[in-house]
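S.K.: Just so you know, we're using the working numbering here: the sequence shown kicks off at 375 and counts up by one.
Treat the hints as calculated values from the structure; they're not laboratory data.
There may be inaccurate statements among the hints.
Unchecked claim - Each pair of labels, with its calculated beta carbon distance range: (1) His418 - Tyr383: 31 to 39 Å; (2) Pro391 - Val486: 18 to 26 Å; (3) Thr494 - Ala402: 40 to 48 Å; (4) Pro391 - Leu447: 18 to 26 Å; (5) Ser401 - Leu490: 31 to 39 Å; (6) Ala489 - Ala441: 15 to 23 Å; (7) Val455 - Pro391: 18 to 26 Å.
To be verified - Keeping only pairs whose Cα atoms sit at most 25 Å apart, straight-line, the calculated SDA-like set for lysine to any residue is: (8) Lys436 - Pro410; (9) Lys388 - Gly496; (10) Lys436 - Gly496; (11) Lys436 - Pro471; (12) Lys436 - Ser497; (13) Lys436 - Val474; (14) Lys436 - Gly488; (15) Lys388 - Arg413.
Every residue gets a Cβ at the ideal spot worked out from N, C-alpha and C, and that includes glycine.
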Amino acid sequence: MLFDSLYGYDRENKLVPAIASALPTISADGRRLVVPIRRGVRFHNGRLLTARDVVMSLELFKNERVASSRRGLYRDVLRAVALDDSTVRYELARPVPDPVQATWHHILPWHVVGALDPATVGSWPINRQPLSSGEFRL
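All chains should be built: construct the whole structure from the sequences, respecting the hints.
M.R.: Quick look at the structure:
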């Protein structure tokens, strides 16, 4: 994969951690997920991937200025909060059947995309020269 996400699937189609270090802890009411982030993961430019990258990537995907057909996938996700450098809490509007799927998204290097205009995402340089943490590099 070029861009990592928190979770993936193994050969038996079971959910497994990718950037996350473990499966999430889900609150009793089903409205909060706490996700531990694997320490030491780096983007291909050497910068550490942190909870802030996870949180800000979600915010970007939810941003109405971004022309994306995926925004509706996050309608039940109120917010994500970085509790520290390696922990993210997702807050949902209501319990959903598959909270992990509801919070699935790629993780972008916020130190690069944070300064770019969300309205011009289609022409961002990172689209032509991707910078990711995935196993493949272009």
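S.K.: If a hint holds in the structure, say so; if it doesn't, say that too.
M.R.: These are the hints, each one checked on the structure:
With their beta carbons about 23 Å apart, His418 and Tyr383 fall outside the hinted range of 31 to 39 Å. The hinted window of 18 to 26 Å between Pro391 and Val486 holds, with their beta carbons roughly 24 Å apart. Taken as a hint, the range 40 to 48 Å holds for the pair Thr494 and Ala402, whose Cβ atoms sit roughly 42 Å apart. Distance hint for Pro391 and Leu447: a CB-CB separation of about 21 Å, consistent with the stated range 18 to 26 Å.
For Ser401 and Leu490, the hinted distance range of 31 to 39 Å is satisfied, since their beta carbons lie about 34 Å from each other. At roughly 19 Å, the beta-carbon separation of Ala489 and Ala441 lies within the given 15 to 23 Å, and the hint holds. Against the hinted window of 18 to 26 Å, the Cβ-Cβ separation of Val455 and Pro391 comes to about 20 Å, which satisfies the hint. Between Lys436 and Pro410 the CA atoms are separated by roughly 22 Å; this keeps the pair inside 25 Å, and the hint holds.
This hinted pair does not check out: Lys388 and Gly496 have alpha carbons roughly 33 Å apart, beyond 25 Å. Of the pairs offered as hints, the one joining Lys436 and Gly496 holds, with about 15 Å between alpha carbons and a cut-off of 25 Å not exceeded. This hinted pair checks out: Lys436 and Pro471 have alpha carbons roughly 20 Å apart, not beyond 25 Å. Note on Lys436 and Ser497: the hinted pairing holds, with a Cα-Cα distance of about 18 Å set against a maximum of 25 Å.
Between Lys436 and Val474 the alpha-carbon distance is near 17 Å, which keeps this suggested pair within the 25 Å criterion. A threshold of 25 Å between alpha carbons decides the hint, and for Lys436 with Gly488 the separation of about 14 Å falls inside it, so the pair holds. Between Lys388 and Arg413 the CA atoms are separated by roughly 23 Å; this keeps the pair inside 25 Å, and the hint holds.
Checked against the numbered hints above, the structure violates hints 1, 9; every other hint is satisfied.
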